Amino acid sequence: MRALTTGFAVALWLGASVSAALAGTEAKVTVLMDRLRVAEVVEIMRTEGLDYAQTLDTDMLGGQGGPFWHEQVTRIYEPQRMSETVREALVEGLDEPALDAALAFFGSDTGARIVALENAARGAMADPSIEEAARDTYTRLRNDHAPRLALIDRFVTVNDLLDRNVSGAMSSNFRFYRGMADGGALDMSEEDMLADVWSQEDEIRDDTEGWLYGYLLLAYEALEAGDLEDYVAFSQTAPGHALNAALFAGYETMYRDISYALGRGIALSLSGSDL
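Taking this note's numbering, the leading residue of the sequence shown gets 1, the next gets one more, and so forth.
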C-alpha cells in the first residue's frame, strides 16, 4: 500500500506540474496574442469576410439571402471563435523558448511598430482603390528591378509567404466546394473538386503575389530598413519559424472552417433549409 500511495502522490504532483506548465504557456500565449494584436487582425478579417459574404449573396443567391443568410454569416464570422482557433494553434505550436523569443521581439518598440503598420495596411487594403494602387506599385517596382524589393523578397522567402498563402487559398476553395456538396447544392466528386481547384492555381498565384507584395510594400513603407532587417533576422531563427508556422496553422484552419461553412450556408440558403 505504501508504494501505491507514493505512486499516487507522484502522479498527483506530476499532474499538477503539467497543469501549471500548461497554464503558464496559455498565459504567455495570451500576452503574445495581445502583442500581435490578434483581436484587431480578426476584426479586420471579419470585416473582409462580411464584405465577401455580400458578394456571395449577390453572385450566388441573387441578392435574396435575406435574414437567413445574414444569420448564418454572423455565426460564421464570430470573433471569439476565430480568435480561439489562432490561440489553439499557438499553444500547440510554440514551446517555451519560442514563446519567450516571440514575446521579446514583439514586446520591443520595433516589434510593436511592425504589428501596428501591418494591421493598418491590412485595414487599408479593404479599400479597392488603395489595393489597386498597392498592386500597381508592386508591378512598377518589379518591372524596374527596384532595390527596394530585395528585402521584401527575402522576407517572403524566409517565411514562405507566397506558397503558404496560395496553398491556403486553394484549400479554402476546396472546402467551399465541399460545403456546397454536403449541403446538396453541388454534384461533384471529390476528384472533380480537386481538379477544378488545381486548375485555378496559376490564377490564384498571380493574384496572391500581387496582393501580398502590394500589402507588404504598403505596410513597411514607413519602416526603417534596419528594422525590417531585424524582422527578417528574427524570422530566420527557430522561434521565428515556429511562430510563422503556428500562425499559418491557426489562420488556415480558421479560413478552411469558414469556407466550408459559407459553402454549406449557400447550399442551405438555395434550398430554403435551416442549419
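Just so you know, these hints were derived from the structure itself, not from any lab.
Since we're looking at a predicted model, the values are computed, not measured.
Glycine included, C-beta positions come from ideal geometry on N, C-alpha and C.
Don't take each hint at face value.
Label pairs and their computed distance ranges (CB to CB) [as the list claims (entries may be wrong)]:
| id | residue 1 | residue 2 | range |
| --- | --- | --- | --- |
| 1 | E48 | E96 | 29 to 37 Å |
| 2 | T139 | E26 | 25 to 33 Å |
| 3 | D59 | A27 | 38 to 46 Å |
These are the hints, each one checked on the structure:
1. E48 with E96: 29 to 37 Å: The hint (29 to 37 Å, Cβ to Cβ) holds, given that E48 and E96 are roughly 34 Å apart.
2. T139 with E26: 25 to 33 Å: Violated, at about 44 Å.
3. D59 with A27: 38 to 46 Å: holds, 44 Å
In the structure shown, a violation is registered for the earlier hint numbered 2 alone.
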